[in-house]
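Required output: the full structure, derived from the provided sequences and hints.
Order-wise, the sequence lines are chains A and B. For the first sequence, our numbering gives the first residue as 288, with consecutive numbering after it. For the second sequence, our numbering gives the first residue as 29, with consecutive numbering after it.
Source of the hints: derived by calculation from the structure; they are not laboratory data. Keep in mind that the hints are not guaranteed to be accurate.
Claimed, not checked - What follows is a set of in silico ranges between Cβ atoms, one per label pair, in the way DEER data are often shown:
hint, chain 1, residue 1, chain 2, residue 2, range
1, B, M162, A, Q450, 29 to 39 Å
2, B, E91, A, Q450, 29 to 39 Å
3, B, K95, A, L350, 36 to 46 Å
4, A, P556, B, S178, 26 to 36 Å
5, A, Y505, B, Y152, 25 to 35 Å
All residues carry an ideal CB built from backbone N, CA and C; glycine is no exception.
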Amino acid sequence: MNGSPWNPVLYKVSSKSIENADLLTFELDPVGDEAIDPIAPGQFNMLYAFGIGEIPISVSSILPSYPTLVHTIQDVGRVSKSLIQLPVGDIIGVRGPFGPEWPVAQVKSKDVLLIAGGVGLCPLRPVIEYILDHREQFGEVNVLFGTRHPDNIIYHRDIISWQSDPSINFQITVDHAFPSWRGNVGVVTHLIDKAKFYPENTISFLCGPEVMMRFGIYACLDAGISEDMVYLSMERNMKCAIGLCGHCQVGPYFTCKDGAVFPYTMMKPYLNISEL
Amino acid sequence: MKNIKEVLSDLSFFSDMSDEMLEFIAACGQNMHFSPDEYVGRESGSADYLFVITKGNIAVQLEHPTKGTFTIRSLHDGEIAGFSWIIPPYRMQFDLKAREHTSVVALDAGCVRKKCEEDHHLGYLMMKQSAIIMNKRLEDTRVQLMDIYSGRV
Ligand SMILES: Cc1cc2nc3c(=O)[nH]c(=O)nc-3n(C[C@H](O)[C@H](O)[C@H](O)COP(=O)(O)OP(=O)(O)OC[C@H]3O[C@@H](n4cnc5c(N)ncnc54)[C@H](O)[C@@H]3O)c2cc1C
Chain A
288 MNGSPWNPVL
298 YKVSSKSIEN
308 ADLLTFELDP
318 VGDEAIDPIA
328 PGQFNMLYAF
338 GIGEIPISVS
348 SILPSYPTLV
358 HTIQDVGRVS
368 KSLIQLPVGD
378 IIGVRGPFGP
388 EWPVAQVKSK
398 DVLLIAGGVG
408 LCPLRPVIEY
418 ILDHREQFGE
428 VNVLFGTRHP
438 DNIIYHRDII
448 SWQSDPSINF
458 QITVDHAFPS
468 WRGNVGVVTH
478 LIDKAKFYPE
488 NTISFLCGPE
498 VMMRFGIYAC
508 LDAGISEDMV
518 YLSMERNMKC
528 AIGLCGHCQV
538 GPYFTCKDGA
548 VFPYTMMKPY
558 LNISEL
Chain B
29 MKNIKEVLSD
39 LSFFSDMSDE
49 MLEFIAACGQ
59 NMHFSPDEYV
69 GRESGSADYL
79 FVITKGNIAV
89 QLEHPTKGTF
99 TIRSLHDGEI
109 AGFSWIIPPY
119 RMQFDLKARE
129 HTSVVALDAG
139 CVRKKCEEDH
149 HLGYLMMKQS
159 AIIMNKRLED
169 TRVQLMDIYS
179 GRV
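Structural data, given as structure tokens:
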């Protein structure tokens, strides 16, 4: 990381694209010569809306044109709303990158099962990009994406291209649908029957609401995937991002410093403890 | 093309059944085909069949008086549609609508029930497999009801 982890680097909003009613994807470029280090799939940055606050946001695509950053932000509260409302050309502060990567580069020749729920697709999109760029290094590749409603589907252009790509099995399901929706309806774990993989040779990455990840993990284990081949991204609310404030603590771990990407075996004792 | 017994024997639902049992159950079956948007079964109708989807996609739907049709679940190749056949008063609880050209093996509910009464071991296997699926669907519905994607993770 460049300089002090406390000092934000100035980036300007160079483009914004609307994903759905409350979700936008931003491209950010450094204002001056200083840029943060290259970011990897699974890592996140702290994005600072000046005078309002700072929030962790995962990298949602990795462009070849470093140092441009891509982040997708959902409007849920004060800081995310003010970031989303920034016009193109405005300046924000960026600290990062933080956290470990999805271990995608270390799993060559394995079958891959990605399970994403809602905005959990954002941190997994760079994994899909990586795999498609190195397709020959992987076995079967499955992406199961569950979201609330057809209106909440994001990354339409990517999804159309993934669905028409025979080298990847991309499946979507929604919890609730309008009458004309002809796709899948039901929880994301239901899609596991449509995935093709050899469980003993499969690695699985999950990101989404924690309840979804718990059921997703059970589905992976029931399908025969080994516990130590399951990884998840724990997107607990955080403040400092450097393991000081304790906001994001899960048991002995700080999701900012030790995660957000964790092996399931590390998180297993803590996942269904209420209010931990 | 596979005969009905071969179709059933490929499915985990029937995997514990002996050859004789499968033969028995298959004798209650017939192939049916539905066009897109054709109803496979209607809510409040008599649950005359248990449908094994061999190809296609069936939506489990409910009509809302003002909000239109809700699709609660979609079912695909290899899945079973309709469990009202096993639970008195054998009345369909939802609409089942084909979303594309859909083929099913329709097992005659009266015939299967009669065989289950005659052979309780067969009845137990049918009940056990149905309970596994019904439990999974109940669990899924509970998660859907939590509306987990409504806010941030
Ligand atoms: C490692 C990591 C990566 C993330 N990546 C993304 C991303 O790519 N895109 C994205 O849109 N968001 C992402 N988030 C979530 C994002 O950081 C929060 O939505 C944001 O901090 C909310 O701040 P706010 O001021 O807008 O809302 P607040 O006013 O702080 O909160 C609004 C509501 O959201 C709840 N909330 C806030 N943060 C979280 C959280 N992390 N988990 C569950 N509930 C929360 C609050 O309790 C409150 O009810 C990520 C979080 C983490 C920890």
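Self-check item: Violated constraints from the hint list, given by number and in increasing order
Solution: none
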